[in-house]
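*Asks:* Heads up: the protein sequence lines correspond to chains A and S, in order. Sequential numbering from 1 applies to the first sequence in our numbering. Sequential numbering from 1 applies to the second sequence in our numbering.
What the hints contain is simulated information worked out from the structure, not anything from laboratory work. Just so you know, not all the hints are guaranteed correct.
Claimed, not checked - Straight line, CA to CA, 25 Å or less: simulated SDA-like cross-link-like pairs of lysine to any residue: (1) A/K195 - S/P306; (2) A/K205 - S/A297; (3) A/K205 - A/A245; (4) A/K205 - S/A300; (5) A/K195 - S/S292; (6) A/K195 - S/D242; (7) A/K205 - S/A324; (8) A/K205 - A/I59; (9) S/K49 - A/D150; (10) A/K195 - S/S296; (11) A/K195 - S/K49; (12) A/K205 - S/R320; (13) S/K49 - A/R224; (14) A/K195 - S/R294; (15) A/K205 - S/P306; (16) A/K195 - S/F271; (17) A/K195 - S/E288; (18) A/K195 - S/A324; (19) A/K195 - S/V323; (20) A/K205 - S/D242.
Being a predicted model, the structure only gives us computed values, none of them experimental.
Chain by chain, the residues:
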Amino acid sequence: MTTPLLSIRGLRTTLATERGQVTVVDGVDLDVQPGEILGLVGESGSGKSMTLRSILRLIRAPGRVSGQVLWRGRDLVPLREAEMRAIRGREIGMIFQEPMTALNPVLSVGAQILENLVAHTDLGRSARQARAVELLDLVGISAPAQRVNDYPHQFSGGMRQRAMIAIALASNPTLLLADEPTTALDVTIQDQILKLLMHLRATLKMAVILVTHDLGVVAQSCDRVAVLYAGRVAEYGAVGPVFAAPHHAYTLGLLRSVPDARHARQPLRPIGGAPPAPDTVGERCAFMPRCAYATAACATARPPLVSLSDGRLSACVHWDQLEANEWAAV
Amino acid sequence: MGGSMTMSAVAQSTANAPETGSAPGEPLLVVRKLTKTFARSRSLMDLVKGEPRRRVHALTEVDLSVRRGETLGIVGESGCGKSTLARCLVRLHRVDSGSVTYDGLDVVALRGAALRRFNRRVQMVFQDPYGSLNPRMTVRATIAEALSVHRICPRREMPARIAALMDLVHLPLSAAGRRPHEFSGGQRQRIGIARALALEPDCLIADELVSALDVSVQAQMVNLLLELQERLHLTVLFIAHDLRLVRHLSHRVAVMYLGRVVELAETEALFAHPRHPYTRALLDAAPELDPSRRGSAEAAVRGELPSPVNPPPGCAFHPRCPVAIEYCRRVRPELVRLRDGRLAACHLAATEDGLVQSTEL
């Protein structure tokens, strides 16, 4: 395996709330290879968005990020803010779920691309102008030379997301962090945006971390996946094997909760109960109270993320005793 | 296919009888040519320029029927009119034209006590339980209010009735004394369902009931819906944008696009062989759960939804349709019954089935 582009070890993020400091990312380990799409999947509150923000230290004080975020061999956690700015938005770009709140409503889309070109490239004035139009064309906005002067409110939801991608691409990032980029979009537009991201990854050799709660999105667009639960990585591995034979009881539960076309109107097999509130788990498996496989061994200590074959990682004590995911068997 | 095409519409059976096939279960709710527009607020510039007041065409001549005891799924993307349709059916909106008949009752003309009796029989559950439950009222008070407004039972029987309803939606009785903010999203939806069921309706309209929920909680709600339908013999209108859920729950599915029904068929037939190009695009765009079956690198459909203020002429889907011909740009296709009994509003599907004769192809 090649050296990872990004290597996260023991990432821990705490937020200040009314109840004091709450841990929302609880010791996450992840690797991102150059040019791959890594999916971060989990239910709300699993810490997937917080993990993504913690990479770029987009956590407001007194919230704190600790652990190690090795970016091309350099740890981002202890960097000073000025040094961080040379990486954030330049080497590592980011796009968000709600383009309307992430875009500036009083600046034209072109102006917002130019802003990034001024900050992160040494192109001249006319070259920047041409590059802005080129970027809009690259993300599939028709008549880019005219649309470059439009304001975000003149764009539809899908086009705003394309514009946001164009802004992020202005600095030629090596890694793009995408936080639920298609969740607010309709399914045909989601399909367009995902295909665009996959196309850009292939042509620009850019790695992507894609945060989503949709297992279908992971299955269709990611190379590798990390399943998060209660701020911890439950399972990590290549998408095909993880979906075919989950090695964590939570992954299996998630996949089984989704309706299967061959058993219409049959009861589903949901995971009982609800995810734990942050910081209430303690030193045991976080999924234990909802798990059908739980034994005393799950309660004695926090199960470590163990390396299995083929680069698979699992934090499940009973990973080798799980049933197969039956739809995959057919 | 190209060039001009002249068609003489000789569809033997148009949308006069929108029930597919003749399976048991007579129609309970029948919608005919339902049209609803909303006035668009005029900007100052429009006023100065003397522009006419423009209208959003939310629903245009919608035809469909729901059979007693079935689950009819309604799918479509945002702005297709599925929520407006639901609201028209329970009379939260006044319709512009067209008819809604419920068990022989002319719903559009109902007033006063008759309307309240109808409202009791057809209950709606909303997507956002935060917005539809009163935050200051306990669950008990919320349900008791519904029971007393509609005079379902005498006051002394209410506690037993509330306990039975809580049990029905699998909430502990101890939860009855709590307020909405003390519950999770899934539990709040259960409260909304309990309130709707308090009126002993025979039809439940679920508008994006599970869309805001996490997948494991979604599955719990799907099971609850299946169980309730079985126990209470409910007729359900399940409105959602999630195709997987609609496929799982529905006996038949109606696909809407820009305020119109474009295809209505038995669920398996629709998913196995979509006949309208929009249905096909929708199915292709939905990400499949099996990573070994990846879709093409091309997006399933180009372009975006046209504005409902100014819908395109002819077939509303033609600007995005991969197989559209000149005729589609000019003439709007009617919802017609195809050979296999399903309904579709597509010139090409109708031609394939020999329902329209093309003099030139």
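*Asks:* Determine for every hint whether it applies to the structure shown.
*Replies:* These are the hints, each one checked on the structure:
1. For the hint pairing A/K195 with S/P306, the CA-to-CA distance comes to about 21 Å; that is within 25 Å, so the pair holds.
2. For a cut-off of 25 Å, the pair hint linking A/K205 to S/A297 stands: about 16 Å separates their Cα positions.
3. For the given pair, A/K205 sits about 29 Å from A/A245 by alpha-carbon distance, which is inconsistent with the 25 Å threshold.
4. Annotation: proposed proximity of A/K205 to S/A300 holds, straight-line Cα distance about 24 Å (limit 25 Å).
5. Pair hint A/K195 plus S/S292 holds up; C-alpha atoms about 17 Å apart against a cutoff of 25 Å.
6. Restraint check for A/K195 and S/D242: the C-alpha separation of about 19 Å stays at or below 25 Å, so the hint holds.
7. Proximity of A/K205 to S/A324 is assessed by CA-CA distance (about 36 Å); at most 25 Å being required, the pair is judged violated.
8. For the hint linking A/K205 to A/I59, the alpha-carbon distance of about 28 Å lies beyond 25 Å, and the restraint is violated.
9. Between the alpha carbons of S/K49 and A/D150 the distance comes to roughly 22 Å, so the proposed pair stays at or under 25 Å and holds.
10. Restraint check for A/K195 and S/S296: satisfied, since their Cα atoms lie roughly 9 Å apart, inside the 25 Å limit.
11. About 42 Å separates the Cα atoms of A/K195 and S/K49, which puts this hinted pair outside 25 Å; it is violated.
12. The suggested pairing of A/K205 with S/R320 is violated, with an alpha-carbon distance near 31 Å, which exceeds 25 Å.
13. A C-alpha spacing of about 56 Å is found between S/K49 and A/R224, which places the hinted pair above 25 Å, so the restraint is violated.
14. Distance restraint check for A/K195 and S/R294: the Cα-Cα separation of roughly 11 Å lies within the 25 Å cut-off, and the hinted pair is therefore satisfied.
15. For the given pair, A/K205 sits about 34 Å from S/P306 by alpha-carbon distance, which is inconsistent with the 25 Å threshold.
16. Simply put, A/K195 and S/F271 have alpha-carbon atoms about 23 Å apart, close enough for the 25 Å limit, and the pair holds.
17. With a C-alpha separation of about 14 Å, the suggested pair A/K195 and S/E288 falls inside the 25 Å cut-off, and the hint holds.
18. Of the supplied pair hints, the one linking A/K195 and S/A324 holds, its CA atoms being roughly 23 Å apart against a limit of 25 Å.
19. About 21 Å separates the Cα atoms of A/K195 and S/V323, which keeps this hinted pair within 25 Å; it holds.
20. A threshold of 25 Å between alpha carbons decides the hint, and for A/K205 with S/D242 the separation of about 32 Å lies outside it, so the pair is violated.
This entry does not satisfy hints 3, 7, 8, 11, 12, 13, 15 and 20, going by the numbered hints stated previously.
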